[in-house]
Structure formats: C-alpha cells, structure tokens
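Protein sequences appear in the order of chains W and L.
The first sequence lines up with residues 1 to 153 when you count with the numbering used here.
The second sequence lines up with residues 1001 to 1172 when you count with the numbering used here.
FYI, nobody ran anything at the bench for these hints, they're computed from the structure.
Any given hint could be a false lead.
Stretch-level coverage of chain L by chain W, calculated; a stretch enters the list once three of its residues show a Cβ under 8 Å from a Cβ in chain W [as the list claims (entries may be wrong)]:
# : region
1 : 1047–1058
2 : 1061–1073
3 : 1076–1084
4 : 1090–1099
5 : 1102–1112
Taking CB as the label site, the calculated pair distances span [said to hold, decoys possible]:
#  : chain 1 : residue 1 : chain 2 : residue 2 : range
6  : L       : Lys-1020  : W       : Pro-63    : 45 to 53 Å
7  : W       : Pro-26    : L       : Ser-1094  : 43 to 51 Å
8  : W       : Asp-28    : L       : Gly-1061  : 37 to 45 Å
9  : W       : Gln-101   : L       : Lys-1020  : 26 to 34 Å
10 : L       : Leu-1108  : W       : Glu-60    : 50 to 58 Å
11 : L       : Leu-1108  : W       : Asp-38    : 48 to 56 Å
12 : L       : Ala-1105  : W       : Pro-27    : 53 to 61 Å
13 : W       : Asp-38    : L       : Asp-1021  : 39 to 47 Å
14 : L       : Ala-1105  : W       : Lys-57    : 49 to 57 Å
15 : L       : Asp-1032  : W       : Arg-22    : 35 to 43 Å
16 : W       : Ser-115   : L       : Leu-1055  : 47 to 55 Å
17 : W       : Asp-28    : L       : Pro-1033  : 33 to 41 Å
Simulated crosslink set (BS3-like; lysine-lysine; CA at most 30 Å straight-line) [to be verified]:
#  : chain 1 : residue 1 : chain 2 : residue 2
18 : W       : Lys-19    : W       : Lys-79
19 : L       : Lys-1041  : W       : Lys-57
20 : L       : Lys-1035  : W       : Lys-19
21 : L       : Lys-1050  : W       : Lys-57
22 : L       : Lys-1035  : W       : Lys-109
23 : L       : Lys-1012  : W       : Lys-19
24 : W       : Lys-79    : L       : Lys-1020
25 : W       : Lys-79    : L       : Lys-1050
26 : W       : Lys-19    : L       : Lys-1050
Glycine is no exception: its CB is placed at the ideal position from the N, C-alpha and C atoms.
Here is what each chain is made of, one letter per residue.
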Amino acid sequence: MHRFHKLDKMTSTRCAVCKYFRRRCPPDCIFAPYFPNDNPQRFTCVHRFYGASNIGKMLEEMPVQLRADAVESLYYEAKCRIQDPVYGCVGIITSLHRQIQIAQSQLAKAQAEISFLDANFVGVEPTSSLSESLVQQNGVEHDLDDPFSTWFY
Amino acid sequence: MGSGSSPCASCKLLRRRCAKDCIFAPYFPPDDPHKFAIVHKVFGASNVSKMLQELPVHQRGDAVSSLVYEANARMRDPVYGCVGAISYLQNQVSQLQMQLAVAQAEILCIQMQPEPELPAIHPSMMDCDTKSLVLSGGNTGNFGDPMPQFLSYTSSNNNAIQDPLKRESLWT
Chain W
1 MHRFHKLDKM TSTRCAVCKY FRRRCPPDCI FAPYFPNDNP QRFTCVHRFY
51 GASNIGKMLE EMPVQLRADA VESLYYEAKC RIQDPVYGCV GIITSLHRQI
101 QIAQSQLAKA QAEISFLDAN FVGVEPTSSL SESLVQQNGV EHDLDDPFST
151 WFY
Chain L
1001 MGSGSSPCAS CKLLRRRCAK DCIFAPYFPP DDPHKFAIVH KVFGASNVSK
1051 MLQELPVHQR GDAVSSLVYE ANARMRDPVY GCVGAISYLQ NQVSQLQMQL
1101 AVAQAEILCI QMQPEPELPA IHPSMMDCDT KSLVLSGGNT GNFGDPMPQF
1151 LSYTSSNNNA IQDPLKRESL WT
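Extracted from the complex, chain W is given alone in its bound form (with noise of 0.2 Å):
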C-alpha cells in the first residue's frame, strides 16, 4: 500500500516531460515549469519538431527569465509547421514580407497624388504632408532576409 502510495505521489507531480518519457521528475526538472502535467498536448507538440535534448540544452543556455518566452516561441513554431509542413513559420514571414512591399508601393502612390494635389491645387502652399513626416519619423527599416527572394532567385 506504501509502495502504490508512494508511485501514485511521483507520477502525479511529473511534468508533461517526464510523464512523456516515463522516468522519474526530479525538483529541479528543467522542463516543469514549462511543460505541466495538465497540458501533455503542448509538449508533444514541441517534441514532434524539437528534440528534447535540444530543448533543454537551449533553455540551460538562457537565463531563467527567458525560458518561458523561448518556450512559447517553439510552441508557435511548432504549430506553425504542422499547419504547413513545407514551409512552417517562413511562409508567414514570406507573407509579411509582400505585405510590406505592397503597402510601400500604395504609400508612395498615394504621397506621389499628395504631392500632384498639392501642387496644382492654387492658393495651397505645398507644405510637407502628415503622411510624409510620419514616414520620416517611424521610417520603415527592415534588414530581415526575405526567404522567398533568396530560395526562388
């Protein structure tokens, strides 16, 4: 009855790690306090991508109050691949990155209409738009390779 007593103890307090593994949650388990019993889902999910060993080098490797942050950023990116398996997360970035130059071009289109309205509207001085100097003071930079150019070109 102790012994059945003690087992029950173990395996209710393993995270979702452990409990994967079948192999005893020690207190100082790197994985507990991201991966909980009550969401063996969430790991499984992380582990079809990531290697547990992995995970855990990576997260020995980062301070303490980074870990759960990294963690949810691996779950992201695990969720993202098993929605598409090609091309994971990258194709969201692809996404962005043609979002961001067609909003561009319509911005320059329209400041372009802005700047020919203004010009030939008499009795307006051109002045320097709302728009443009929103433009200059949050200007658009991004350094960020855009993965769809560098693969299909």
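Assemble chain L onto chain W, guided by the hints.
Below, chain L alone, put in the same frame as chain W:
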C-alpha cells in the same frame, strides 16, 4: 552514398554509412557541412528525417530550406527565433497601413477643400477677349475634376495573419 562517392554532410556528422537512398543526401551535400550542423543542433537529425519522410519528394527541398532558415533564426535569437521576426514584420505592416490611411485621408481632405474664389474683376478692366470668354461661361479651371485615374489605391490588406505575441495570450 547519396549522389556522389563521399558521404553527405549528415552522414559525415553522424559518422555513419551514407546509404544510396539516404534521405538527407539530396539536400545536405558534403561541401556544406554547416547547413546540416545547424539544423541538427536545433531540430535533431531524427526529427528532420521524420519530417522529410512525411512529405512528397518534390516538396522536400523547400522544407529543408525553411528548416535551415528557422534554425538560423533560432541561432541568431535563441529566445524568439522566427517569432521575433514575425512580430517585427507585423509591426512594420501595421505602421505602413496606418501611414497609408493617413495619406488617404489627406487626399480626401485636399479634394474636399473648396475652390478658391477668383478675385472680382470689373468689366472695365477686361479686354474684349476675356470679357466674351467670361460671359460665355467658359471655365478653364481643373478644380472640380475628379482625381486623376492614374493613381489608384486599394484598401489596406486585411490578411488574417495573427500576431504571434497576441495569439492565445502567449506573452502574459
């Protein structure tokens, strides 16, 4: 051994015999060992193998490229990886859409401004040609013309790309 006589980068790193039908060989040539090393470090060789096996052959090249991209992003940013890039780009899209909305509103404002009034001219100040033109109702001004059609714009793109930082309350 893969496509050539030397083992592919994967089998070289894993120190095993590179079979003729090695699943890694087409995508991890021996002259680029870093490519597999980084993917192996982040995902693990067995996971990569499983992922490739689940895909049709013609999609495996792109899958490997995306895995390499993700692995590189994760090495550059061990905490956020690609998610950091997604968040940054989504922010850029939002800013651009806001700027575009402001510009479009500005265009509407300019178009809705009333036409400036021409100064009153006494008939005695006009020459004959000008007088006849005014009396005939001729209007050479373009102030009432519609917006030039060469500049067309669409409403901002409303793709349902979710912000990874807001999705399912990730960052509470």
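> Which hint numbers doesn't this structure obey?
Replying inline: Going through the list in order, the structure violates hints 9, 20, 22, 23, 24 and respects the others.
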